[in-house]
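Colleague: If you want the building blocks of each chain, they are given just below.
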Amino acid sequence: MAKVGNMTMNLATFGRFLLPIVLLAGLAGCSIEPWVKPYERDRLADPIMALDSDPVSTAYIQHVYEAREGARGAEGATGGGCGCN
Amino acid sequence: MMLRHGITFFALLLVLPGGVLAGVLPDDRGDALYHHYTGGGVDIDGPSVLIRKKAGKSLSFIGNWYVDHVSSASIDVITTASPYTEERTQWSLGMDYLRGNTTMRVSYVSSEESDFDATTYAFSVSEDMFGDLTTLTLSYAFGEDIVGRSDDPGFQRENTRQHYGISLTQILTRNMIATLNFETITDEGFLNNPYRSVRYLDPGASVGFSFEPELYPETRTSNAVGLRARYFLPYRAAIEAEYRFYTDTWEIDGHTLSLTYVHPWGPFTVEGKFRYHDQTGAAFFQDIFPRSEATNFRGRDKELSPLTSYTFRGKLSYEFIDPNKGWGLFKRGTINFSLDHLIVDYDEFRDITSGQLGDEELYQLKANVYQIFVSFWY
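As you go down the protein sequences, you meet chains A and B in turn.
Counting from 0, one number per residue, gives the positions in the first sequence under numbering that gives the first Met the number 0.
Counting from 0, one number per residue, gives the positions in the second sequence under numbering that gives the first Met the number 0.
Chain B with its partners taken away, still in its complex shape (with noise of 0.2 Å):
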């Protein structure tokens, strides 16, 4: 359940033109990666495939299986209920089609865990203008979810979702490349996790609070924009800025800010990012409140809080299948490890287990998330 975010951006990835690729059709690739991430009480972990090749001259196809292999005893986990395990699997299936300097693309996403099940539809618009310096691709995706209850087989409630995006990329010298994003998505239905809580004050229990469900609102609506640029120095490495503006209309707004530098040396790639995240709190978060159902909504997701989070990351690419020489079928091959470091610091929601009412520190999220991939490009 705690996974159910961002189903849809793996959608929007098969229907995105992803680099440099726009007015031909992308390299045919294979990706296999192995992923880890640890802290704050949970482990995750899984493989994710990707495979894209193309048919004839005007289609190309894409499929991606992904797993998270989930055990949780995180925060929320251990205050209100017990550690857990599960597993989520993910398919996507993606196509695209090139005519003249248009390419459409549609996608097909498919996730399942033992009480969450999501189905995405995403299709995309790109177009080449201005000689190739431009490109314009308009997208859109409608996803469908199914919440349940692993401890009540009667539960089940639905959401609906809807993305409208907007990115343009242009060419601005021989050296420097960017791309804007604008972004809105629309949720209905039922938004908050089931098994989640709020804590009240009540003067009755002998910790001085109680914990009641959470209540979310049925529908949310986010606009986000964002500006990246990209810009290749003189001594053959890129820098890369990014930011992004985000707000909702559960009045959560935020800033993200990143910067990465890309280094080769020799059939070596060295990558280091910063990235940077701060955001409001959702209007109906409270960390505890005055008494049971005092408000309309309410909300003790950490998600929801204020927050600033910052991430530092190291990665390290090696060629060995060098592009000018290839091995059999394949012309380029790498293979590339990575380690993020991820800090998160919340501004109003507490750690319960630190101290007595009133004493408790505020919550910081610590982890680290491992990745090791293959690619090849045949």
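Same shape as in the complex, but just chain A (with noise of 0.2 Å):
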């Protein structure tokens, strides 16, 4: 059976995102003074400003979507941190 896309291609693309990111990492050896200092992070800290507060109900929700549309990804829980805690 004929296969569809190129996989090869897409990794390609996919380590054309993944270079810069490397780089950005290795950047987080360097020295940079902090804009929003960690004492001007309450406001980010409260509950009502976390990416993903109800993490159970939003996979479900997110099941509910990719179960009856086409698309996929990228979407909803994924996020990360803002050292608050």
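Treat the hints as calculated values from the structure; they're not laboratory data.
One thing to keep in mind: the hints can contain errors.
Facing chain A, from chain B, some residues (calculated, C-beta under 8 Å) [claimed, not checked]: (1) ASP30; (2) TYR36; (3) ILE170; (4) ILE176; (5) ASN335; (6) SER337; (7) LEU338.
On a predicted model such as this, the values are computed, not experimentally measured, just so you know.
C-beta: ideal position from N, C-alpha, C; glycine also.
Got two chains here, separate frames each, mind docking them using the hints?
Modeller: Right, dumping it as structure tokens:
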């Protein structure tokens, strides 16, 4: 059966995204003065600012969407941190 | 079988940082949720329970048990098959390991149905950088599916799936945080639903058409990039905007937008959300084919049709354990209720029960999704 798509090309595309991220990670060792000080992060630490305050609920509703739409990924629970705690 | 999608999402849920935590382990918490989806002739309900607990200063464990009870007489089912009921059970286990500014996560998810088993292994690494203003997460997941047929014990096909994800979260100001996600997913194997059919023009049939099994390509690769930003409003409320662009090798392109507003009022928190999704159809999707085996690949799953969906969400939370006082072992507790009203307008998929060939209306799905859950932090 014929294959659809070109996985090699997509991995190359992925690599183009990965490279700057790796370089960015390398810069992590550099000293950069944080422009938002830890004591200025009280608002970001408020529960209403959580990017995913209800992980069980988020996972469930993403499951509902993925079963009923053709698109998938890069939406919903994925998030990061602010070092607030 | 219809619930095959999204299994890997649960694995990624366990390996991605959820919320404001990075460089520190997530809070210990427990959640017990009941969900009920009703619409389009389908009823799905069941529980989901999540427990997260630290062990020492470097480890945190998470487990999730989730069940779907399905009763389906959907438009796909009533036109080519018989209504059915089934149950899906899913178990997830994960572990976080914190070392300095680095958090490593592993997880395992197992999902079982009478005719579909899925297993996923996931791994991610998060690094806090630049005075904890930036968090970078790299994630990978590998999934294996075994597809069966309830009416044919000898039928068995396999799929494999790989996820590659990059997430960058950035504190922009003392009031604003944003996250950029990129995710590539590759599938290989038996990707169509073994029960579903396509229809084709058949002058010999009394209704003018007949059905034959659908046939999907055996590979699919998708790329999605999403940007979210959340802003703290001066009167203690929050607003969030999200956009996602999606494209895949089946030629589905999609745009998803959402806007959320969160407003606390004493122990209550009210949330409203609007979500919009628009997509093109798969290259091999047709509502009706000109003849039998007209194309190499063929599908009539309505999810692969060009479509536009709208979701209106309302959510109410009540904090019954004040975090400033606590209650016994518990630091905080909330009870939450949400309703999502979903409308999907299909641009090419027609309701063949609505009239004769040529006069059929485009199908529209309307559904309500109810959730009630309690959360404890301890």
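Colleague: Hint by hint, say whether it matches the structure.
Modeller: Going through the hints against the structure:
no. : hint   : result
1   : ASP30  : holds (4 Å)
2   : TYR36  : holds (6 Å)
3   : ILE170 : holds (5 Å)
4   : ILE176 : holds (6 Å)
5   : ASN335 : holds (7 Å)
6   : SER337 : holds (7 Å)
7   : LEU338 : violated (11 Å)
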